[in-house]
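Trainee: Read off the chains here:
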Amino acid sequence: MHKLQNLRFRTAIGFSLIGLFVFFLSNVVDEWRSFQGATVAVYVVAIASIILLTGYSGQISLGHGALLAIGAYAAALAQIYAHLPIWLCFVTAVLVTAFFGALLGVAAARLSGPYLAGTTLALAVGLPSIASQFSFLGGEQGISFSVGWPPLSLGSDFTQYKWFFWIATIAALIMMWFVRNILHSRYGRMWRAVKSNAVAAELTGIRIGASKVLAFTISSGVAGLAGALLAMITNNVSPSAFPLALSFSLATGAVLSGVNTLGGVMIGSLALVAIPEIASSASHLWSGSENTAMLLPELIVSALLILTVFLAPKGPIEKLRARHHR
Amino acid sequence: MFQFINTLLIGITAGSIYSLMAIAIVLVWRSTRVVNFAQGGLALASSFVGASILAREISFWIALPLAMFAGALFSALTEYFLLRPLLKRSGDKGEEIFLPIIATLGLLGIIKTILNFTYGDRIGSIPPPISDRGFVVSGQVIALSPMRVLILGIVLVLMVLLTYLFQRTNLGLSLRASSYAPEISRLAGVRVDLIRTAGWAISGAAGAAAGILQTTNGSGAISPESFEFSLLLVFGFVAAVIGGIESLIGAVLGGLTLGIILAFILMYIGGSLVFFSAFLILIVILIVRPQGIIGVKGGRRA
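Quick mapping for you: the protein sequence lines, in order, are chains A and B.
Per the working numbering, residue 6 is the first one in the first sequence, and the count goes up by one each step.
Per the working numbering, residue 122 is the first one in the second sequence, and the count goes up by one each step.
Because the hints were derived from the structure by calculation, they are not lab data.
All values reported here derive from a predicted model rather than from experimental measurement.
Honestly, I wouldn't trust all of these hints.
To be verified - Listed next, with one range per pair, are the computed distances between beta-carbon atoms:
id	chain 1	residue 1	chain 2	residue 2	range
1	B	Tyr240	A	Gly210	44 to 54 Å
2	A	Leu290	B	Asn291	50 to 60 Å
3	A	His189	B	Gln124	33 to 43 Å
4	B	Val262	A	Leu89	51 to 61 Å
5	B	Val409	A	Ala107	12 to 22 Å
6	A	Gly153	B	Arg243	29 to 39 Å
What the hints assert, rightly or not - Capping the alpha-carbon separation at 25 Å, the derived lysine-lysine pairs in DSS-like fashion look like this:
id	chain 1	residue 1	chain 2	residue 2
7	A	Lys200	A	Lys324
8	A	Lys200	B	Lys209
9	A	Lys324	B	Lys209
10	B	Lys209	A	Lys319
11	A	Lys319	A	Lys200
Built from N, CA and C at the ideal position, the CB exists for glycine as well.
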């Protein structure tokens with residue numbers, strides 16, 4: 006009991022420190038960096054949802070981009086048609102995506118390995134494209150989603166992107182708190198039991214199907230929030246914002262973070278945002294050709310993926326931990 | 122009625138190409154239990170080989186086998202240098218099908234950047250070797266053209282060759298044995314590692330053929346960022362999963378089913394629903410039969 010309380014205490018301190026750090030950071034950086042900071046927060050939430058699903062419950066999803074799309078559209082529709090206050094739009098996004106995730110999870114729980122990978126891949130390709138079929142979803146142009154200007158009480162020089170950065174960070178911290186707790190709860194243990202040995206888990210009385218559906222539902226809800234946050238920082242929701250490449254880069258981020266450790270989530274998110282930036286400035290210094298600047302990020306990310314899979318298949322954090330214990 | 126038959130013909134042609142891609146994916150799955158997401162990229166690279174041979178005024182009938190040979194080579198190299206060390210490292214734990222997927226996604230990115238560096242914005246072209254104007258039946262032009270007949274013919278010949286290879290040759294027997302029971306095959310003197318590479322090579326050749334036929338059946342042009350090849354991968358994979366991912370016949374059935382249904386949706390409902398329908402077809406079939414049309418149920422529990 007003492008150990009548990011100690012752990013809780015340490016996490017609370019850790020979360021507050023991250024919050025404080027971001028607070029100070031947001032005061033010193035410019036608009037572009039604030040935008041990037043908000044993007045990192047979005048990726049943190051999205052990657053956490055993949056880690057919950059893949060790393061803990063053992064189900065593969067290559068289609069999380071589609072779940073982000075559901076969340077983004079749900080938030081925007083809640084704002085346009087129901088005129089909900091902004092925080093309720095985010096809640097709507099979570100609930101609606103969790104609902105769709107539950108439906109999907111019922112199908113997914115019957116599938117495994119390549120079947121599940123194929124289904125989620127087809128979802129990632131198929132779902133965003135139906136938005137152009139329905140006029141209330143705004144077709145190719147999409148629909149707008151706006152959280153409005155920062156409140157005046159924060160001061161007149163409080164910029165729009167700084168406001169996004171704050172909202173995204175606070176939402177990400179709340180979500181990470183929630184995900185962390187649920188992974189340490191009996192549900193988290195249940196998922197890990199099912200993942201590591203389904204038959205043994207069934208013998209101890211765990212209902213495998215139900216546990217998988219639950220994991221899919223919760224992961225979808227978290228992904229829905231990421232989608233709504235993504236819509237917030239781009240002010241718009243359109244099919245082209247959720248290409249197959251988004252789903253792939255989220256999977257990439259999850260691997261770079263380490264699929265089995267929630268703690269690594271910052272590494273993957275930072276990498277996804279920082280690598281294109283570093284690569285483009287490096288190639289400008291180096292040759293200055295437009296073509297190289299466009300191609301270098303993809304090359305670096307791809308090479309990094311292969312290296313990670315070989316050198317640290319369980320993620321950088323597990324790698325360090327293993328070295329520490331040796 | 123006329124439109125119905127036309128749609129059916131378009132669907133069968135497209136479906137036969139998806140079948141070929143699905144076969145490529147099934148072969149890789151059977152030999153190493155890996156879903157190869159670089160399959161589309163490998164097919165693209167081999168199609169570029171084909172296009173650059175064609176650009177030297179060399180006949181299509183030489184370019185196609187050479188491209189297939191290049192595809193086999195690329196694919197075998199991928200298995201030897203990427204997947205074999207990876208699978209050795211991670212051990213044969215079935216749990217992590219995620220890692221190979223990520224590794225092949227990384228390879229896909231590398232292939233694309235290499236193609237982009239070498240070809241840049243230049244677009245390769247694979248024009249149809251024979252007329253792609255439809256036959257005229259009782260005064261109306263139907264969707265079946267000499268080129269489409271040729272595509273169906275090539276796919277059919279390749280399938281007959283594959284069936285012969287798998288059923289009647291020693292290599293085919295070793296391929297089947299080492300995917301069914303690798304340890305026992307090893308004891309029986311089959312060089313399983315070599316056979317796995319061979320499986321990948323055949324898959325690469327099938328993928329290259331699918332890539333070239335897809336290009337001639339479509340716009341005739343390829344670029345490093347070609348969307349058609351991502352589609353080929355996705356539809357090929359969906360077809361393989363529908364068919365039960367283990368079975369070659371299943372892959373063919375899955376490809377044809379997908380091609381025909383999608384052609385009808387494109388013709389009668391609308392283009393924007395095509396991708397979503399692919400998902401719906403997949404999920405409906407998998408809810409009824411989670412192991413695909415031709416698949417073995419629950420062999421690997423416990």
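Trainee: Between A/Lys200 and B/Lys209, is the straight-line Cα distance small enough, at 25 Å or below?
Mentor: 22 Å, holds
Trainee: Is it true that the CA of B/Lys209 sits at most 25 Å from the CA of A/Lys319?
Mentor: 15 Å, holds
Trainee: Between the beta carbons of A/His189 and B/Gln124, is the distance compatible with 33 to 43 Å?
Mentor: Taking Cβ atoms as reference, A/His189 and B/Gln124 lie about 60 Å apart, which means the hint is violated.
Trainee: CA of A/Lys200 to CA of A/Lys324, is that 25 Å or under?
Mentor: 21 Å, holds
Trainee: Falls inside 51 to 61 Å, the C-beta gap from B/Val262 to A/Leu89?
Mentor: Roughly 55 Å apart at Cβ, these two residues keep to the hinted range, so it holds.
Trainee: The hint says 50 to 60 Å between A/Leu290 and B/Asn291; measuring C-beta to C-beta, is that right?
Mentor: Holds, at about 57 Å.
Trainee: Given the range 44 to 54 Å, decide if the beta-carbon distance of B/Tyr240 to A/Gly210 lies inside it.
Mentor: Given range 44 to 54 Å: violated, Cβ gap about 59 Å.
Trainee: Verify the CB-CB distance for B/Val409 and A/Ala107 against the hinted window 12 to 22 Å.
Mentor: Holds - the Cβ-Cβ distance for B/Val409 and A/Ala107, about 20 Å, lies within 12 to 22 Å.
Trainee: Just to be careful, I want the Cα atoms of A/Lys319 and A/Lys200 compared with a cutoff of 25 Å; is the pair within it?
Mentor: 15 Å, holds
Trainee: Would you mind confirming whether the straight-line C-alpha gap from A/Lys324 to B/Lys209 stays at or under 25 Å?
Mentor: This hinted pair holds, its Cα atoms lying about 18 Å apart.
Trainee: Return holds or violated for the Cβ distance of A/Gly153 and B/Arg243 against the range 29 to 39 Å.
Mentor: 47 Å, violated
The structure fails to meet hints 1, 3, 6 from the earlier list, while all remaining hints are met.
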